[in-house]
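Chemist: Here are the chains, one letter per residue:
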Amino acid sequence: MDQFISFALQPEVFLVWTSLAKTLALLGIILGFVSYTVYAERKVCAFIQDRVGPNRVGIPLTLLGMKKDLPFLGLGQPIADALKLLLKENFIPASVNKFYYYIAPKLTMIPPILVLAVLPFGSSLFGVPMVIANINIGVLYVFAVSSLGVYGIVLAGWSSNSKYPFLGGIRSTSQMISYELALGLSVIPVFLLCGTLNLSEIVLWQRENGWMVAPGWFKGLTIDQVLHPEAWVAAFQAGFSWQRFWIWIPMLISFVVFFIAMFAETNRLPFDLPEAEQELVGGYHTEYSGMGFALFFLGEYAAMIAGSGVIVTLFFGGWTLPFVPDGSSPSFFHLAFVPGWLASLIWGLVNIGVFFGKVSVLLFVFIWVRWTLPRFRYDQLMKLGWYFFFELALVNIFITALVLAYVK
Amino acid sequence: MPLVLFWIFAILMLAFGLGVVFLRNPVSSALSLVMSFVALAALFITLDAFFIGVIQILVYAGAVMVLFLFIIMLLDLRGEETRRLNLAAWTGGGLVVAGFVGLLFKVVSTQPGFDFPKPPISRPEISDVALVGWTLFYKFNLPFQIIGVLLLVATIGVVLLSKKELK
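Chains A and B supply the protein sequences, listed in that same order.
Just so we're aligned, residue 1 is where the first sequence starts under the numbering used here, counting upward by one.
Just so we're aligned, residue 1001 is where the second sequence starts under the numbering used here, counting upward by one.
Since the hints were made in silico from the structure, they are not lab data.
Treat the hints with care, as some may be off.
Said to hold, decoys possible - Derived DEER-like restraints, expressed as beta-carbon distance ranges: (1) Arg1078(B) <-> Leu373(A): 37 to 45 Å; (2) Lys408(A) <-> Ala1015(B): 51 to 59 Å; (3) Pro60(A) <-> Ala1015(B): 44 to 52 Å; (4) Ile1146(B) <-> Pro330(A): 52 to 60 Å; (5) Phe7(A) <-> Val1059(B): 38 to 46 Å; (6) Arg1084(B) <-> Gly28(A): 50 to 58 Å; (7) Lys1139(B) <-> Glu12(A): 33 to 41 Å; (8) Arg1078(B) <-> Leu349(A): 53 to 61 Å; (9) Leu70(A) <-> Ile1008(B): 27 to 35 Å; (10) Leu349(A) <-> Leu1161(B): 53 to 61 Å; (11) Leu349(A) <-> Val1149(B): 29 to 37 Å; (12) Gly1092(B) <-> Lys88(A): 49 to 57 Å.
What the hints assert, rightly or not - No farther apart than 30 Å at their CA atoms in a straight line, the calculated lysine-lysine pairs in the DSS-like style are these: (13) Lys1163(B) <-> Lys383(A); (14) Lys163(A) <-> Lys1163(B); (15) Lys106(A) <-> Lys68(A); (16) Lys383(A) <-> Lys1164(B); (17) Lys84(A) <-> Lys163(A); (18) Lys1139(B) <-> Lys163(A).
All values derive from a computational prediction rather than experimental measurement.
Quick reminder that beta carbons are idealized off the backbone N, C-alpha and C, glycines included.
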């Protein structure tokens, strides 16, 4: 037993099994998130359209001979949806290119899940940092992997060998290529400010200097500063500078461009031209049924979650929240009866909760926008991407550089 | 461990590279090239060159090849799949490849120190993104700026040429 523990604590072995554990845990959380985002989509949509939405599937007590089911607000709906999709016939049209037809749905699901590998989703638990791969080029990795996501859609459109899917695939390619430029350029101001591409370091920078969308606050807000307001005022005066104040403008522009480009990258309304129902039936997934269709459907939500995670990490401070310590904190509100390891465990879990809480808020915005705004016309979409967001992101880099160089 | 990874990705890269040549469907060829680029990027990453590896995926697999695929799909090249193979071209190509491989083997094996293991690459102190930036902006600043101007000229040229009505 002792031998086993000492083997498990060797640096390399420790890295392997902790990474595996983190990967499995994150995958579980994310897949749960995906299915409940679908449920949230239906519920929010129903609320916006003044309907009730799914409210029946709960715990089926009648199956066990009781008088009434427990509906639980329809929270069992994702399970019923998944069962329906799994049991449906997987119909394959005769004229498709079989190999690519099979592989395309998988290709749309993989990139968003690979993106999660570099997102710091918490501070640390038992001293293990809550990020699967802490690499120095985190953001570039995110862009590289998500740029591969377009292949799934293109191949689906092409291999279906049918006109509407093909048009959807072509539209999607040009849309994703166009908005990738704005997406990539819009985050350069963030790196100019932080001086690093490492997502964990960007989160730590934001904890010290304020979130990118509100960089006005001051050296590390902690619980002790609530208890001693004069220390807070002193920290504010020491940390304040006009540069911090003016840099807010380019950071907000950067956030808005990134956020809108993310809508285009995930093919969500108002940019869902690749699957515009009125023009293209179902777009690139028209010819798919059963689990093939489900993978496209869930891939879209996985991309939304990964995108929200990137936005939270870059602009909303990741797992940090003002006055909440990280997982290395040994005290829980200075209470004597809470031992140090329990306090760090609680704060570590709180940090993870904060990250997923922020992601949920952004997901709500994604859904809210979908059921509120009408769709763009295709030429408007392209014009907006090339003539407006691309230039805005480019100019924004210069504004940031000017502020950083001339305002002290 | 890196050696195992090297063999896995080297074999993958070569296999997909062969796929580019041997597969008769143009879309399959283009996608094999994408996979070959991804495996090449993995090889860069096993050498700790994260930046180069990721740029390889971002630029070649993510942007250039998407455009390739786009064009191939729009052109709908069906002729290639049914084309008969030409025996003379095959033998000629095979001879050239065999000669080239022989030459390469000769050059590499006569290189002094070929059979000695090389010392490991020393790892720099700063991250490789910063290193690329330093090298570009301090050592090769002028060539870098000139390339920038060249690319700008090319971009303007493309915009001008693709305008519908030339005045």
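Chemist: Please go over all the hints and tell whether each is borne out by the structure.
Modeler: Structure-based check of all given hints:
Distance hint check: the CB atoms of Arg1078(B) and Leu373(A) are about 41 Å apart, consistent with the given range 37 to 45 Å. Range check, Lys408(A) to Ala1015(B): about 57 Å between beta-carbon atoms, so the 51 to 59 Å window is met. Evaluation of the 44 to 52 Å hint for Pro60(A) and Ala1015(B) yields a pass: the beta carbon distance comes to about 51 Å. Hint check: Ile1146(B) to Pro330(A), Cβ distance near 56 Å, so the stated range 52 to 60 Å holds.
The beta-carbon spacing between Phe7(A) and Val1059(B), approximately 42 Å, falls within the hinted interval of 38 to 46 Å. Take Arg1084(B) and Gly28(A): their Cβ atoms lie about 53 Å apart, and the range 50 to 58 Å holds. Remark: the range hint 33 to 41 Å for Lys1139(B) to Glu12(A) is upheld by a beta-carbon distance near 36 Å. Between Arg1078(B) and Leu349(A), the C-beta spacing of about 58 Å keeps the proposed range 53 to 61 Å intact.
The beta-carbon spacing between Leu70(A) and Ile1008(B), approximately 51 Å, falls outside the hinted interval of 27 to 35 Å. One distance hint, 53 to 61 Å for the beta-carbon pair Leu349(A) and Leu1161(B), holds here, with the actual separation near 59 Å. Separation of Leu349(A) from Val1149(B) is about 54 Å and departs from the stated range, judged on CB atoms against 29 to 37 Å. The hinted range of 49 to 57 Å is satisfied by Gly1092(B) and Lys88(A), whose Cβ atoms lie roughly 53 Å apart.
Of the pairs offered as hints, the one joining Lys1163(B) and Lys383(A) holds, with about 15 Å between alpha carbons and a cut-off of 30 Å not exceeded. With a C-alpha separation of about 29 Å, the suggested pair Lys163(A) and Lys1163(B) falls inside the 30 Å cut-off, and the hint holds. Pair hint Lys106(A) plus Lys68(A) does not hold up; C-alpha atoms about 40 Å apart against a cutoff of 30 Å. Restraint check for Lys383(A) and Lys1164(B): satisfied, since their Cα atoms lie roughly 16 Å apart, inside the 30 Å limit.
For the hint pairing Lys84(A) with Lys163(A), the CA-to-CA distance comes to about 28 Å; that is within 30 Å, so the pair holds. Between Lys1139(B) and Lys163(A), the direct Cα distance comes to roughly 53 Å. Violation of the 30 Å bound is thereby established for this hinted pair.
The structure is inconsistent with the numbered hints 9, 11, 15, 18, although it conforms to all the rest.
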